[in-house]
Each structure stands twice: as structure tokens, then as C-alpha cells.
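Visitor: Listed here are the chains, written in short residue letters.
Protein chains: 2
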Amino acid sequence: MTDLILHNYYRSSTSFRVRAALALKGLDYDYESYHLRRGDQRESDFLGINAQGLVPALQTSEDVLTQSLAIIEYLDEVYPQPPLLPKDAIGRARVRSLAMIVACDIHPINNLRVFRYLRKHFGADNEAAATWFRHWTETSFEALETRLVNEAETGNFCHGDSVSLADICLAGQVINNERFNVDMSLYPTIQRVHSSCMALDAFKKAHPSAQPDAE
Amino acid sequence: MTDLILHNYYRSSTSFRVRAALALKGLDYDYESYHLRRGDQRESDFLGINAQGLVPALQTSEDVLTQSLAIIEYLDEVYPQPPLLPKDAIGRARVRSLAMIVACDIHPINNLRVFRYLRKHFGADNEAAATWFRHWTETSFEALETRLVNEAETGNFCHGDSVSLADICLAGQVINNERFNVDMSLYPTIQRVHSSCMALDAFKKAHPSAQPDAE
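Protein chains in written order, with our numbering: chain R, 1 to 215; chain G, 1 to 215.
If you're looking for bench data, these hints aren't it; they were derived computationally from the structure. Glycine is no exception: its CB is placed at the ideal position from the N, C-alpha and C atoms. Treat the hints with care, since some could be wrong.
[To be verified] If you only want the chain G side, here are some residues facing chain R, beta carbon under 8 Å, derived: (1) Glu73; (2) Pro108; (3) Ile109.
Make the full structure from the sequences, and use the hints.
Guide: This is the structure in C-alpha cells:
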């Protein structure tokens, strides 16, 4: 029995982040799927769960939590083992800033709803949408790669040799990139960290292809 | 004497967030300005400070911190008074999720560099850019308003009667909206919280118009 329900979609990278955190913490949950391209998440039932009409949302016995990074910070506070943030304030700031390169500066600009707007209002075709995706991903991955190469704290994972919030965001984005032919050979350190992540059972379990709604 | 240097720009709403947090904590800092439209933040000197070439960045005696929310979480951990996050995990999750509606789902899509891409690759004119800004702001403000109206934790501020990270993000966005004619009468609760914020000296001090590089 579990009191956690994850409202999510197999291919959503923000959903992946929460699935990875839940798996790392060893937490079971019920899986509720919303088909984003069909618009399930904008049905009134789900709007009562998350007024934003976005996945993921994590229902606990206390409340419904939204925004993947806020959900993961909550899980890390309530289920502290294994920790997903370092103990020192500077280390936590570093991990959060690496995570937010993906969570603020890549993903929201490359969301399905943004592609829809580009198609509808600017006549973007598939190739223009893919070029847009790669532009924002590559701009930020270049900076992320530079930081990971130059900063002494980088280890097998983004921050030392244990997995953190930054790795969760990085892996979700790298998986997303596969659909848009991003040339990952430009980012050897990101690719190396991604491989470290995907060697873990928790990341395998969170992978889109392992979800019940995978197509 | 201060050991904090804030690399920022008067009109950047992410810079505003950090200025507001610093002022709420009563911290002095040196102000370094980067003219974003001239591209100062992409000069090599600044790229050595932040590989992303984005403001704000906060230089401390220990390290350079980037990403406004990661900076503010750091400030809240190292200078805990007054707290910018509630004490309970559910409350913190709520405040972070409200903050991220702005920080993830509005601001990154409406950044200067996104407008530049729309102009260059999709021929967007000023009106198309303003319509884009309003679309993403209004979509998320509608959800934010719904949450603030319906959730019992809302008080004079987003979370009870003391200021939090969520208010800092909200106020920065409302100030940004003024340049794009967003109809704030649609969001009376957001507007009320914004007024509570702007009555505080710290928010007045952080306002774009009060900065040395204001035009």
C-alpha cells in the first residue's frame, strides 16, 4: 500500500525527474498517466489537482505537490536517505544552479506547449521546431559542460561521486535530446555523467521506456 | 565593507529577485552592472564568472553563485533571518512551487534572448513579441491567481503574512509586466500580494528604478 500518487506522462522529462527521485528514495507510488499530446492534463479533473494543467503532480496524504524541483526538494526533506543535495550551503547552491540550467533555461523553452505556439503563430514546421530545441539545449549544455569540466567538485556525478538533483535534471534532458538529434559528442562530461546515472537501477526504473504508458 | 558583489542589470527580473532577497536580509553588496541589450554579459570577462553569460551572479568570499533561486536558497540558509521559506516541508514545497510558476514557466520563455530568436528566425515584430510575452504570462498568472484564491495558506503575502521566495518572484514578474501592458485587473489576488510587497522598504530598494544603472 502506498499513499503517493504520481500524476505524470512517460515521455515528460519533468515527470522523469520525480520518478527518478522516488526510485532513488525507494518509494512506491501509484502511477497515473496523462497523455500530453491528447491534452489529458487540461481536463477539468486534473485542473482540480494542478491549476497549471501541467504534469508532474505528486499527491501525498497531506497535499498535492507541483513543480518537479519543489517536489524533489520536499522528498529530500521528508525522506532524507539517500540525500539528493550536499550538506554544505555552497555545495547545495552549486547543485541547485546546475539543476536550474536544465530546469529553467532549457526545458521550459522546449516544452510541447511552446512548440504548439511556434507552429500556430509563426508557422514553424518540424525542422524549425527541432532547430529551436537544439539551439536552447546546445546554448545551455555548452555552459553546463564548461562548468562540469572546470569545477573541481565534479566527480562521477555532477557533484562528487553520489547522485544529486543536478544529475536527475541532466539525465532527463539527455534522454529528451535523443528525439531531436542533439550531437552529444560535443559534451563528453555531460555524457559521462549521464552514463553514471543510467547505470543505476533507479534511473533505469524511471526511464520513459519502462513506464506503463510508454508507446 | 562587504564581501558580496552582485553582477546584475537593473531591468532584469531575476536580478530583482536577488536584490530583494539581499535587501530583506539586510545585506550590503557591491553593484556591478551589465547592459544586457548591449551584450555586456557575453563578454569573456563575465563568462569567466558565469559560463552561462547570464545575470544575476553573486560573488561571495567563497565562490560565485548563479541562478537566482539557487542564490536565494543559499542566502536563506546562511543568513536565516528573516526566513524566506516556511518551517514545514509542505509549506516550503508550496512556496517553491509558487515561485517556480514564475521562475520556470514564465520568465525563461520571455527572456531577451528568446525575443531575439523570434525576431531573427521567425520575423516577429514588436507586437508579435509582446503577444508572446502576454500569452505565457497570462497562462501562468491565471493558474497562480487560482491557487492564491483557493489555497487557505494565502495571506497578505503568498504564504501567510510574511514575505517569502514566492513573493519575490511574483513581484519581479509584475514589475516586468508593466512594460508589456498585461491587464492586471484579471489577477486581483496577485495584484494585492504585489502591493503588500511594494509597501516594504526592501522591495522599494530592489526596484529597477532605484538602481544606479536605471535609464
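Visitor: Each hint should be assessed against the structure and marked as holding or not.
Guide: We went through each hint and held it up to the structure:
A least Cβ separation of about 6 Å between Glu73/G and chain R falls short of the 8 Å threshold, and the interface hint therefore holds. For Pro108/G, the interface hint holds, the least distance from its beta-carbon to any beta-carbon of chain R being 5 Å, beneath 8 Å. Given hint, Ile109/G at the interface with chain R, holds; its Cβ is 6 Å from that chain's nearest Cβ, closer than 8 Å.
Violated hints are absent here; each numbered hint is respected by the structure.
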